[in-house]
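S.K.: In case you want the letters, here they are:
Protein chains: 2
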Amino acid sequence: MIIFENEHFYIEDEPSSLPWVKIFTKIPYKELTDIPKELRVQLWEIYYIVEEEMRSYFQPTKINMASFANMLPRVHIHVIARFEDDAYFPNPVWGEKLRQEKTISKDFKPFYERIAKKIKETQ
Amino acid sequence: MIIFENEHFYIEDEPSSLPWVKIFTKIPYKELTDIPKELRVQLWEIYYIVEEEMRSYFQPTKINMASFANMLPRVHIHVIARFEDDAYFPNPVWGEKLRQEKTISKDFKPFYERIAKKIKETQ
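Protein chains in written order, with my numbering: chain A, 1 to 123; chain B, 1 to 123.
Everything labelled a hint here was simulated from the structure, so no lab data went into it.
Keep in mind it's a predicted model, so treat the numbers as computed, not measured.
Hints are not guaranteed to be accurate.
Note that the list lumps identical chains together, so a pair holds whenever it fits in one copy or between two copies.
As the list claims (entries may be wrong) - DMTMM-like, lysine to aspartate or glutamate: derived pairs with alpha carbons at most 20 Å apart:
| # | residue 1 | residue 2 |
| --- | --- | --- |
| 1 | K118 | D34 |
| 2 | K117 | D85 |
| 3 | K22 | E7 |
| 4 | K30 | E51 |
| 5 | K26 | E52 |
| 6 | K30 | E121 |
| 7 | K30 | E84 |
| 8 | K109 | E38 |
| 9 | K117 | E51 |
| 10 | K118 | E5 |
| 11 | K120 | E101 |
| 12 | K102 | D34 |
| 13 | K106 | D34 |
| 14 | K37 | E52 |
One chain only, chain A, in its complex shape:
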């Protein structure tokens, strides 16, 4: 589901028990250094808003951020809220599963709306 988009970027949620979104450029680039410099700055501005809203809304133990795109080489940024009792912690969510999926009691929708609102306010 697309939770935000503007001229150059869109943000999708990743189906997961954890708060997890992915930031994409609309034009596909293979690597971060293929993105034009002005857009890189905008990408990180969006990332910081997502991270700040994720921290304030979910109060996670840690934020995890990653860019892989090995299967389909189209760079995008994963932003994931991690909790000490989540299924993989302290492993990355791509690592070994250590316990049952955590149930997050908070609704994700207001978080998505806050991201979209905050990014729009900075534009």
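Here the structure of chain A is known, so what remains is to put chain B in place on it, guided by the hints.
M.R.: Chain B alone, transformed into the frame defined by chain A:
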């Protein structure tokens, strides 16, 4: 081993069969959004140099970038050159191992020296 340092940052190599370095701020911060804004800009400038040098020197299939620090909450950026025949590809290096470790024929030392030289040139 520290392969670069200046007033605010240092870069370490990760012992691995793959080209893999980690960029740290000298002052420890928990999350990227805890880093002062001017330093965030410098951090990404360093990251881009590392990624560019990694791409030109090793010609990898894909660059992987990540920030986890779940065990010890001290934010740092992993930069890893990935190859389609490396041990984990297309999984992240934190995922399931699929084949034997790849042997990289190129010496890593000139790559480390190029990173340090390039970053110093921009300062």
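S.K.: None of the hints should be skipped; say for each whether it holds.
M.R.: Hint check:
Taking identical chains as interchangeable, the C-alpha atoms of K118 and D34 lie at most 20 Å apart only when they sit on different chains, with a minimum of 18 Å there against 27 Å within one chain. For the identical chains of this complex, K117 and D85 are neighbours neither inside a copy (30 Å) nor across copies (43 Å), given an alpha-carbon limit of 20 Å. Taking CA atoms no more than 20 Å apart as the test, K22 paired with E7 passes inside one copy only; the shortest distance there is 16 Å, against 33 Å between copies. With identical chains, the CA atoms of K30 and E51 are at most 20 Å apart between copies only, with a shortest distance of 12 Å across copies and 23 Å within one.
For the homomeric pair K26 and E52, neither the shortest alpha-carbon distance inside one copy (23 Å) nor that between copies (22 Å) is at most 20 Å. In this assembly of identical chains, the alpha carbons of K30 and E121 never lie at most 20 Å apart, being 29 Å within a copy and 26 Å across copies at closest. Within a single copy, K30 and E84 get their C-alpha atoms only as close as 33 Å, which misses the 20 Å cut-off; across copies the closest is 15 Å, which meets it. Proximity of K109 to E38 under the C-alpha cut-off of 20 Å is found in neither arrangement, the shortest distances being 30 Å within a copy and 32 Å between copies.
Taking identical chains as interchangeable, the C-alpha atoms of K117 and E51 lie at most 20 Å apart only when both belong to the same chain, with a minimum of 14 Å there against 32 Å between chains. Taking CA atoms no more than 20 Å apart as the test, K118 paired with E5 passes inside one copy only; the shortest distance there is 12 Å, against 35 Å between copies. When the C-alpha separation of K120 and E101 is checked against a cutoff of 20 Å, the pair qualifies neither within a copy, at 33 Å, nor between copies, at 46 Å. Within a single copy, K102 and D34 get their C-alpha atoms no closer than 37 Å, and across copies no closer than 26 Å, so neither meets the 20 Å cut-off.
Proximity of K106 and D34 under a CA criterion of 20 Å is satisfied in neither setting, with 37 Å inside one chain copy and 24 Å between copies. Taking CA atoms no more than 20 Å apart as the test, K37 paired with E52 passes between copies only; the shortest distance there is 13 Å, against 23 Å inside one copy.
In this structure, the hints that do not hold are numbers 2, 5, 6, 8, 11, 12, 13, in rising order.
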